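Undergrad: Working from the sequences, and respecting the hints, build out all of it.
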Amino acid sequence: MGFGPLLLLAILEGAVTAAVLALTAVGLSLTFGIMRVVNVAHGEFFMLGAVLAWFVSQWFPDAPLLAFLLAMVVCPLVVAGVAVLADVLILKRLHYEPEATIVATIGLLYIFQQAALSFFGPNARPVAPPFNFRVQLPWFGYSGYKLFVILAAGVLLLLVWLLITRTKIGLVMRATQIDRTTAKAFGINVDRVYAMTFGIGAGLAAIAAVLVVPIQQAHYLMGGDPLLLSFIVVILGGLGSLRGTLIAALLIGLLDGLLSTAFFFPPTFAKIVATLLVALVLVFRPEGLFGRRTA
Amino acid sequence: MTKGLTLTPTRRSVLAGMGAATAASFFPGYTNAQSSEPIRLGFQLHRTGIGAAYGRWYERTATAALARMNAAGGIGGRPVEILFEDDGTDPARGAEVFGKLATQSNCDLVFGALFSHVVIGTAPRAAELKVPYLVCSEGHHVASGMLNRWTLQPGITDVKSQVQAMAPFVTSNLGKKVTMIFPDFAFGHDHRDYFTAACAAQGGEVIAQIAIPPTETSFTRYFPQIPAETEVIYHVMVGPAVLTFVKELGEFYGSGARPQLFGFIDSLEAVDINSSGLEFLDGSHFWEAHPRYKQADASDAETAYRAAVGVDDNGASASDAADVATYSHMFSVWETLSVIKAGMEAAGYTGAADRQKLVEAIEAMTGFDEGEDHPQGAKTFNGKTHQAFGIQNITKVEGGKLVVAHKTSVEDGMYPDEVDYTSQSF
Amino acid sequence: MAAVTLLEARGLTRHFGGLKAVDGVDLDLARGEIHALIGPNGAGKTTFVSLLSGRTPAQSGTVRFEGRDITRLPAHARVRQGIAYTFQITQVFANLTTFDNVALAVQGRGVSKRLVRETSAALERVGLADCADEVAGTLSYGHQRLLEIAMGLALNPRLLILDEPTQGLAIGEIENFKRLIEGLVPERTVLLIEHNMDVVMDLAHRITVLNFGQVLSTGTPEEIRANAAVQAAYLGGQA
Amino acid sequence: MRDRALLSHLGLVAVLMAAHWMLPAYHHDAVAKVLVLSVYAMGYNIAFGYTGMLSLGHALFFAAGLYGAAMPLTLWGWTGGPALAAGLVAATVLAAAVGLLALRTRGVSFMIVTLMFAQAGYLTILYLGRWTRGDEGIVIAQPLRRIMGLDLSDGATRYLAALLLFVLGLLACLHLVRSPFGRVMVAMRENEERARMLGYNPFTVKLAALTLSGLYSGAAGAAYALMFGYAGASLAGVQYSILPMLWVLLGGAGTVAGPFLGCLLMFYLIDYASVITSATLLVVGVALVALVLFAPKGALGALRDRLGKEGRAWLP
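Protein chains in written order, with this note's numbering: chain A, 174 to 468; chain B, 267 to 692; chain C, 337 to 575; chain D, 2 to 317.
Calculated from the model, a selection of chain A residues having no Cβ within reach of chain D, i.e. all distances over 12 Å: (1) 257; (2) 308; (3) 355.
Listed next, the in silico EDC-like pairs over lysine to aspartate or glutamate satisfying Cα-Cα at most 20 Å (straight line): (4) D:310 <-> C:436; (5) B:607 <-> B:635; (6) B:396 <-> D:155.
By construction, these hints were calculated from the structure, which means they are not laboratory data.
Computed from a prediction, not measured in an experiment: that's the story for all the values here.
All C-beta atoms, glycine included, are put in the ideal place defined by N, C-alpha and C.
TA: What follows is the structure, encoded as structure tokens:
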């Protein structure tokens with residue numbers, strides 16, 4: 174295979190990773206940006222979405238498309254509900270104190286993992302994709318569903334963007350993000366905004382998981398990577414910048430693949446270099462690529 | 267130092283009962299080990315963490331083997347009990363759990379660990395506490411000499427031997443130009459090194475080695491590195507992402523011409539071979555230590571073992587066909603327990619003071635016959651390297667089942683000793 | 337006579353986007369004077385002293401202190417040179433004791449053996465000796481302002497910059513404050529941003545008026561009072 | 002003696018010394034391990050609890066100490082003492098180097114930058130599998146685990162050595178936080194800008210604190226290699242960056258003895274959870290949430306607040 178097709182494949186694969194990552198990270202960016210909460214359990218919301226998608230798929234073993242569509246609705250709603258409960262019962266009582274919420278969300282992480290282990294089991298379980306077709310390119314074959322994931326994630330991100338910039342809910346969320354006290358003074362129910370934000374953030378992680386689970390099996394420990402990568406993406410993109418989050422996700426998704434392809438680095442070495450590069454970008458632009466510089 | 271010249275001649279020469287009594291009066295913690303008391307075996311269980319899929323089945327296998335053993339009169343007439351303790355599949359916790367089982371629960375020995383990092387992290391504790399540690403791993407860490415005299419692997423063949431035994435089948439039946447795909451950490455590196463050497467010895471050649479970073483969840487972009495002239499792809503991915511790996515390999519090649527595939531069943535332990543997306547594996551070959559699907563020529567012992575553990579003919583739970591066993595590895599728990607029984611009885615084991623005698627008794631063993639104690643097959647045991655060597659199976663995916671295509675002999679997997687643990691002091 | 341001028345700012349400039357917060361300001365501080373900086377809200381007073389103290393880097397212009405160019409020196413180094421700054425909005429360390437707050441200022445000068453004595457003396461001076469063991473955040477607002485000044489004094493600065501020090505103080509506290517400041521000169525030099533004109537007129541030897549980021553006028557209190565431009569821009573509006 | 006803080010901490014040391022003779026074997030070994038890991042937690046506390054640097058990358062420093070000691074022992078035939086020193090130097094130098102870069106950032110960016118440096122370190126350990134054996138790790142043979150003739154694989158010796166290391170760390174930390182420099186560290190945590198206007202360069206103060214924190218972490222890592230005879234990549238993973246934070250927060254951030262208490266609590270929480278149920282993670286999770294709901298400043302933090310002035314005197 175020539176260099177061109179190799180590059181194309183690296184880009185396609187990177188785009189799939191980036192699409193899923195962007196969705197997950199936008200969820201984290203909302204909770205992080207608006208509530209200033211470091212939610213260590215965000216990856217577990219992702220995991221719960223995937224595990225629930227598997228349960229939904231078991232109800233309709235012969236109709237994967239129906240199961241998929243249902244999962245796209247049910248999983249984010251259920252996970253958002255769990256998140257709202259967690260916010261109201263725990264985080265609110267901690268007054269969103271940063272250190273306390275870190276410990277509390279680590280606690281939640283363990284609770285969710287145990288729940289998945291007990292009710293879902295320790296195995297990695299596959300979910301059938303809603304449709305099966307393979308795109309045969311001249312050099313290699315490629316999963317049609319993966320292309321769909323890129324598209325679907327793009328549409329969902331557009332919806333999130335519309336929600337934040339064009340609706341009253343979005344306005345209220347942005348107002349709360351900029352100044353909590355003033356928002357309160359204007360009669361905004363900050364508690365409700367927080368609960369809603371936490372729910373939406375978790376729901377986005379769950380939706381990303383529903384999209385990814387036909388590619389990447391549900392497993393009770395699958396939440397670790399999305400958490401770490403989302404954090405990196407959110408900070409690298411710049412807090413509160415949707416565009417930055419998206420571009421950072423692309424960067425993270427593509428960087429090590431491109432390094433490996435273009436420079437013939439061994440993959441693990443490419444990952445080390447990519448990690449250090451991103452760290453250095455942050456060192457010299459601590460506010461992220463698209464964040465506002467704070468004086 | 268020879269076996270006769272140990273540092274505790276009194277305990278060896280004096281009547282066993284007296285020895286136990288003396289020990290008991292000095293160490294109140296050991297009083298449990300009276301001859302009427304049950305023998306207590308500690309089990310390091312991967313109940314949580316990355317090994318949990320194995321842990322569940324290891325626990326079931328151990329429980330079944332224990333029931334059978336107690337029904338047959340226990341060990342030396344004493345009942346046996348097993349204490350399971352979760353190690354979180356973590357080496358640090360593994361060492362702690364070992365201490366807990368050995369010093370708090372007063373277990374006579376500890377066994378059961380599968381994951382290599384847990385075994386390696388725990389082994390130093392075994393030597394410090396002077397408690398036998400019988401691992402069910404398959405890593406080469408025991409026979410390589412890295413560990414110590416208290417650590418033994420009598421229940422399963424190590425990876426170096428497995429790979430060496432199978433290489434001739436690969437090169438003579440599947441092809442001589444091999445591309446290896448493996449995870450870029452120790453387990454994968456073992457395969458890389460041993461198979462590359464074994465393949466060359468057979469006149470084959472490993473033409474590409476593709477190391478996949480351990481944090482990877484998607485694999486497609488590595489496949490273009492597979493050279494076009496590849497005749498066989500040798501894959502040994504492990505962990506929750508393996509199914510993705512196999513499916514993406516299928517998507518990559520599609521229905522067109524593709525190289526032969528040879529994989530380690532580790533990739534698909536606890537996974538149904540008929541899962542959606544795996545159709546592509548039809549006609550490919552796997553290594554299995556113990557064939558998941560019951561073969562036409564299965565022995566009575568094999569049938570009895572399946573029934574005892576609760577596994578159906580397809581290698582799934584007898585009560586839940588979707589619950590696939592880690593069949594190719596879990597026999598090691600059963601067989602290790604058989605070795606413990608034989609060893610304790612040979613050593614005249616009465617209590618903790620006889621732990622060293624137990625290790626020496628196992629070291630004195632030379633092999634195990636196929637039978638209900640060893641349903642996977644006959645094995646040779648090398649007392650110097652503390653390692654068992656058994657037959658390996660190469661199975662082919664045919665009609666949604668794994669069918670044995672070739673059985674290696676025990677001799678195929680023998681290699682020169684790399685250590686003599688019996689020359690080390692206790 | 338080179339030592340008459342303690343600090344000399346020339347053409348200091350700082351713009352924020354389109355806003356010319358400080359635009360080419362010159363200022364001379366004579367050794368031992370109390371110099372007040374006044375001007376309407378948004379005139380650039382706080383930004384200007386931030387440029388002097390180094391909290392904000394200047395875009396152009398120079399600052400010389402004791403004859404040395406300190407324009408490129410970071411804020412903490414300027415403190416070590418003898419320029420102390422007390423914050424407009426009280427920023428004591430709320431979770432530390434009063435003693436610790438002042439000790440932080442004292443010990444930075446390399447004092448170690450006399451740390452306790454000097455810290456106590458600094459607290460004594462502003463009348464906070466009784467509160468030494470209190471957690472600073474629990475002090476009354478007026479006491480926190482005093483603590484802020486005590487921290488500035490404890491740095492033993494040659495130039496003390498006070499940003500609206502009397503804001504929120506009661507009448508009686510203001511009188512005490514004035515006496516405190518008068519007692520600092522001529523050993524030290526004081527630059528005072530202040531809205532309370534009584535305080536300014538009583539204390540200041542000279543006054544500089546800023547408006548829209550530029551110097552409107554500099555002179556003695558009498559001169560400033562008589563200056564028509566100042567009256568138009570500022571005093572007239574308020575008085 | 003009127004130094005109440007010294008008195009309370011010497012009391013803790015006395016209890017731990019008495020425990021050496023009183024604890025049953027299992028708990029004796031467990032506490033020895035807790036003591037070593039507490040040194041790691043104390044190091045984290047210096048950076049986070051006192052200076053306010055929330056790092057997610059301390060596993061890098063722990064691992065530098067671990068491998069810095071383990072590699073010379075196993076590969077180059079060094080003896081215990083020099084290997085221990087090598088671990089300390091490796092961790093300290095690495096912490097200073099990471100600090101030089103990462104301290105250009107603060108807050109969440111600092112968290113992420115430290116996380117990524119540690120991640121790069123973790124991947125490097127895997128990548129250098131030929132020498133490190135990556136995830137599997139390596140065993141440090143029993144005869145190598147000696148310092149000045151002391152066999153650190155022996156239970157009693159190990160406990161006393163761990164206690165010695167712990168006491169050194171504890172008393173040094175107590176001295177540090179009550180020293181003028183300790184006051185400056187806290188000033189950085191409380192209000193960096195204000196501290197700068199008192200003439201302190203935040204960068205150098207934080208760099209010094211982080212380097213010291215690295216030294217503690219490295220000491221714990223090197224001691225771990227010598228005392229427990231194992232070095233593996235799992236000890237360099239992100240989990241081992243989060244654990245010291247958890248210990249510190251549980252015991253009380255910014256208290257000298259808090260890291261030990263938190264580490265001890267966490268160890269026995271996990272240990273006893275497995276006695277009660279097989280759903281161990283649930284017990285741990287619920288306990289963490291409950292603790293933080295009822296004692297958000299950690300066990301010692303809550304106690305100190307309750308005791309007011311006396312609390313600050315006894316528990317700095």
